[in-house]
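Chain by chain, the residues:
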Amino acid sequence: SELLCCENASMDLDLTVKTYIDPVVLKDDRVLENLLKTEEQYMPSSASFFSCLQTDVKPEMREVVAHWMLQVCQEEERDEEVFTLAMNMMDRFMSLVKVGKTQLQLLGAVCLFLASKMKENPPFKPEKLAYYTHNSVTLEEIREWELLVLARLKWDLSAITPHAFLDQILERLHLNLPEHVIQMVKD
Amino acid sequence: MQKYEKLEKIGEGTYGTVFKAKNRETQEIVALKRVRLDDDDEGVPSSALREICLLKELKHKNIVRLHDVLHSDKKLTLVFEHCDQDLKKYFDSLNGEIDPDIVKSFITQRSNRLSFSHCKHVIGRQQKYPSLALNESGELKLADFGLARAFGIPVRCYSAEVVTLWYRPPDVLFGAKLYNTSIDMWSAGCIFAVLKSVTQILFMGESEDEGQYTFTVFLNHEQSSLGEGEGEGQYKSTSLHLESTVHLSYSKYFSKIRHRRLNRLLICNPALRMSAEDAMTHSYFADLLPSLHNG
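Chains as they are written, first to last, in the numbering used here: chain X, 1 to 187; chain F, 1001 to 1295.
It should be emphasised that the hints constitute simulated quantities derived from the structure, not laboratory data.
Glycine is no exception: its CB is placed at the ideal position from the N, C-alpha and C atoms.
Treat the hints with caution; some may be incorrect.
According to the in silico footprint, chain F covers these stretches of chain X (three or more CB under 8 Å from chain F) [said to hold, decoys possible]: (1) 106 to 118; (2) 123 to 134; (3) 141 to 148.
In silico contact screen, one side only, chain F against chain X (beta carbon under 8 Å); selected entries [as the list claims (entries may be wrong)]: (4) E1042; (5) G1043; (6) V1044; (7) S1046; (8) C1053; (9) K1056; (10) E1057; (11) V1069; (12) H1071.
Chain F with its partners taken away, still in its complex shape (with noise of 0.2 Å):
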């Protein structure tokens, strides 16, 4: 541990203390994760193993960069890229006001870091943005990995319980446990929305029940988007059980932040739902920088 000076607390991760850091040799800032290793436990936690074998073949200048692992009996500690602060400290600066133009920077930043993961053969399922970070040239970084894994036979049963709940697509929230990539995009449209609109959380509930109570104010408006495509097999068993819910009004999400882009990522359908390679090719990007098309 003599090679880093540990300079502050930066904040609590998954499973333990992130630290910001100096490289005694080479003078580079960097963040250290702490990772405890406790004797009656498991040995190193599954998070953090996914995490650290995910991240070692994932090099993109979108996802955070893991240079060293470093290892005693009783903890483990990562050792990664600095970055300065995360999406939800920025927002919080900005009081409400955001340039378009980095709106559209970071989304497509974040679509890029996508299919760049989805090609290799990953799922994020943690799509939020407190784990978004940002270097100080406006670069956004995917930092949390936690729950990310790479997916074999897509017909395969996963977990429920992934994705911050208030990102989780209608399909995982209602129990679906054959998902694909479609889970990450469906996240994707809700930070977007919440760019768009600022701080303001699209589909915020406390509870799993409250979670879908919300979505069922939405998908009730979406019903026209129902049957269509391939496979809606496990989609159906779904909307079976929304038939029986409540219809309310959902104007007051969507007066504000209807966006034809939205439209196709939010899709409750998730054989409908934009792919990430769709995305960067969406017209909405088109005026952008062709460097920032090239991961």
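So that you can see chain X by itself, here it is in the shape it has in the complex (with noise of 0.2 Å):
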């Protein structure tokens, strides 16, 4: 609350203010290399689990979900990594659990829920997550489900998101465009 002051200042002067490009993230190519080695590793295990372990979801039923999952997400003006991030979750935790038709949108509530605790501060409130389900998902489900997705996950969340890649490979394209234009790709 001290800091109010400073932050007001520099508020005004946002459209001057952009941090500048981390050499040290962009310039060493071992951070690209880690990035595709740790992507691969939070890849889902079967990439078919619809034609073998989920007999009750079908396909269409997951772009139902995770079509929410991104209305959530934009209505609540979230950050673009949080819904990649769930969706990570959510298709790896399908790949080693059934699921039952009346589950998934509970799924990608968790998923929802732990993605924004990894990538935000402060994350969504369980009580939101019910409300958007029109209270077909309850606060107890949402902390059981947590758990179980956690440790099916092996606490492995960490997943890299497409948005890992975007400056990367901005930078490689020596692009010399003006900082606004690359904002706007960004975007």
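Quick one: dock chain against chain with the hints and give me the complex.
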């Protein structure tokens, strides 16, 4: 709270204030190599989980829930990475555990819950998520499934999302574009 | 919980009690960190969640190893590699005398660890010497990842309320939210200074106001390094604020701890601060064993 006056000052300057490119992250190829390697470790264990494991849930249902998840994120103005990270968790969970039709939205809500804890502060409130399901999901269920998803994914949640590659790629294209154009590409 | 036998309470961590314990099967000594899951709260605390997820990814000899996570409805138990003491306790036992070679070894190990995490896309944001643990063979381990996070796009707002106050770099202290790996390097500089002078905290302030005041002193001295390099935008908004603040003598901080390597870590403009990778190749470390360089 003591920082408020400074924060206001920097807000006034928002149009001109940008962080600088971090050479430690962008100029070192080991970072990109690590990202590629790590990305692979966080892939669903089988890409064909709909044909072998999920007999109740159909691909169209996943699509519907994914749309719902995206809408919740947009409505709440969440960071873009929350959605992509949540989808990664959901797919990985579905490649391991058979999910019932009636549990799919619960799973989606829990993945949003976990992804927002990883990427943002403050994270989603469980009440908020339950509200977006028209209370078809209870707070109790969200808490239980949070531990279930964590256990099945072995607490490996720091998946690499496509966003992590964007700056790496832009840097390597040597485009020399003005800053605002680069920002548009990212948005 | 039958797998481990509790031996003694070691301390209170960021979000729960820490115990020393023994694995009943292997006799291995571990540290158990308890995290309570209260009924009325938000499930697993995000600091615990991030700490676990990042530690699972960061396997390095200078980062404390997370062996296992056990959970029940009411609590989580994190099973960590056990370290005998933290750096603060170690200093307290020294009575102000420290071997320069030990300082060098510690600093190398820290830089090595930082260079590794930065490469893995993680900022620590929690560099302070009580979070640095030591094991019996003098290996330094970073132990507290409660505030760490993986960074995505560097152009990104993070919380300014990070890094223990005394180790918070001036750009962040003055409200910068667009920071990056340079934040850890400032803290590294502070710790280096603390190591050189033993037990003396470099920028001690009880509140953010006081911390800012202390920095003002420091910054007036560093004016010469302002305005160089790229991307000082964020930083300029900071220095504008500074110009109206009081001039004070800084000699009390710098008579003792001036050191050429500190000069490059404790640079106020984050764009000019030394990186962990550069720190590792600095001549200060040239005479160290090659084994220390290879993480």
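Problem set entry | Index of numbered hints that the structure contradicts, given in increasing order | none
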